[in-house]
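Heads up: the protein sequence lines correspond to chains A and B, in order.
Its first residue numbered 33, the first sequence is counted upward by one per residue in my numbering.
Its first residue numbered 540, the second sequence is counted upward by one per residue in my numbering.
Simulated from the structure, these hints should not be mistaken for lab results.
If you're wondering where the values come from, they're calculated on a predicted model, not measured in any experiment.
Possibly wrong hints are sitting among the right ones.
[Unchecked claim] Covered stretches of chain B (in silico footprint by chain A; criterion: 3 or more residues with CB under 8 Å from a CB of chain A, positions within the stretch not fixed): (1) 574-588; (2) 608-615; (3) 638-645.
All C-beta atoms, glycine included, are put in the ideal place defined by N, C-alpha and C.
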Amino acid sequence: MNLSFFDQFLSPSLLGVPLIALAIMIPWLVLQTPTNRWLNNRLMTLQSWFVNRFTYQLLQPMNLGGHKWATILTALMLLLITINLLGLLPYTFTPTTQLSLNMAFAIPLWLTTVLIGMLNQPTIALGHLLPEGTPTPLVPILIIIETISLFIRPLALGVRLTANLTAGHLLMQLIATATFVLTTTLPSVALLTSLILLLLTVLEVAVAMIQAYVFVLLLSLYLQENV
Amino acid sequence: MHCCQPADLTPRLFRVRCGVTMGKAAVPLVKQMLLDLKLIEVPSWTINRLLFPKSTFHAICRGRDAYYKKYIDVKKGGIGGVAMFLMGYVVISYIWGYSHIKNDRWRKYH
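For reference, chain B alone in the conformation it holds in the complex (with noise of 0.2 Å):
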């Protein structure tokens, strides 16, 4: 005998999903991992985990950590962990400015 309760779609942050099988441990919907999702999950599941500032701010950690752990936490640690970071922050700010770099080009008549 399993308790079955239809998905529900309505946005609550943390409802707690009972299993299908009797073996299945409740996991709440934001803390699955996405290829665990069923189909019709995955909408809430993206608008939680992306949209609400708690959940970007411990993706934003989880990579941080994983880059740290990765390149800078290592044994014999040189300038290369920090100098890919560097690079990419300038790489991201001329992304970011892009709009506002276009017409500082080489020119003949400004």
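Okay, chain A solo, but in the shape it has when bound (with noise of 0.2 Å):
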């Protein structure tokens, strides 16, 4: 039987239920509602902290007509989050190495902006096809380059976080791998590459942070645009 490093990317099934569908309920598990006391547990006011913090941060720089968004986008910051962070502990699995998942956020989202902008302030969304300053010659080209890299953006989207992802778990598994038979063989090496290891584990979580960070963040960029 021929074994891939892929393999994990394949969402096992007990009695018919994949696993994916467990990892994706677990999110909704592990984030409570802080309750309506005046003080409450110490995992409830980190979080209740962190939620805050991230929402005034993104919000912001936007107008008042992008506030609406902010339910949306910190739930989805919270979810992708916790669904990375998740996705590092042996064993389980990362529902957003998949790129059905992140393009089932992505597309839909993006769309949502670019409506918003066609049918509140066409004049405005149309206007930011073609950048401020641009000489007269490349008006033209530069703006089927900006409607291509307008289309271009949710595909972006879904595949940067898919790919971080991905890559991520799949360069542990190689140098585990890799440790794991020098082990016997050359102790000196493996010792080398487990410490290799110890670093891109540190790497993972960082990425795994900052990828759910920026796909969010750029969703509020797309949204700034068109609202």
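Starting from the two chains in their separate frames, assemble the complex, guided by the hints.
Structure (structure tokens):
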């Protein structure tokens, strides 16, 4: 039987239910709602601090019309960061390594921002296709280029998240396999590779958080243009 | 004088059963505790409580709230509550994917 390193991205099923269903449901269990008490417990205080800080940071540069998106953007950020970080635990499944899920997040939200811009302020929305100060001979080509870049945005959003997480997981598995195999033959080299693995794991934790933030930040930027 | 209807086994979700004695209030079958049921009502109770999504959802919510109140919503909470949950998640993921993982065992020839 041929074992491939990509087998980790296949969602295993138990009694017909794939593990991805559990993995997507877990953030709902992890993230609790703070109660109406004056002082919550420590975990809720930390969570509330993080959510408030993040929402403030995200919505500060935005117009009032974009503030309607506060709930959905913060919820998306919490979901992505929880899914990404939980995927770093051993034997767990990371749903965001699946392109289908990330495109399902990216395309509807991007399309909503574009439609909001086109319906509410069509002149301004179309005006974004030509940056200010462009020399006249370049105008036709630049409009084509900007249109292409507009349509590539959801693809870039989805693929960025998928590729970063998939590459990270794959790299960790590769280096872990190398360490494991080298332990019996060349222990000193195995020690070096295990050090690399440790550093890579730290990097993966950072990447997990940053990629979730970048996804939501870019969406908020697209919203800012159109609102 | 009490109204006494025979226990009906037709699958109707929230059938109200009249109390056998005068003092007992009528409680829907689904909302009764397991130990308060008559034997003949257990199968329909089980089907309603386990197979329908709404009941399963409420059961998960109750479980989550109980865990939260016991281990996390305490005066001086530490890492223990969250760590136990994450360990449980890892174990469940391992069990879930065992048929897939067992092919990755350390063996001489793959």
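Three or more residues of the segment 574-588 of chain B near chain A by CB distance under 8 Å? violated (count 0)
Count the residues of the segment 638-645 of chain B whose Cβ falls closer than 8 Å to any Cβ of chain A, and tell me whether that reaches three. It holds, with 6 qualifying residues against the three required.
Are there three or more residues in the segment 608-615 of chain B whose C-beta lies within less than 8 Å of some C-beta in chain A? holds (count 5)
The structure fails to meet hint 1 from the earlier list, while all remaining hints are met.
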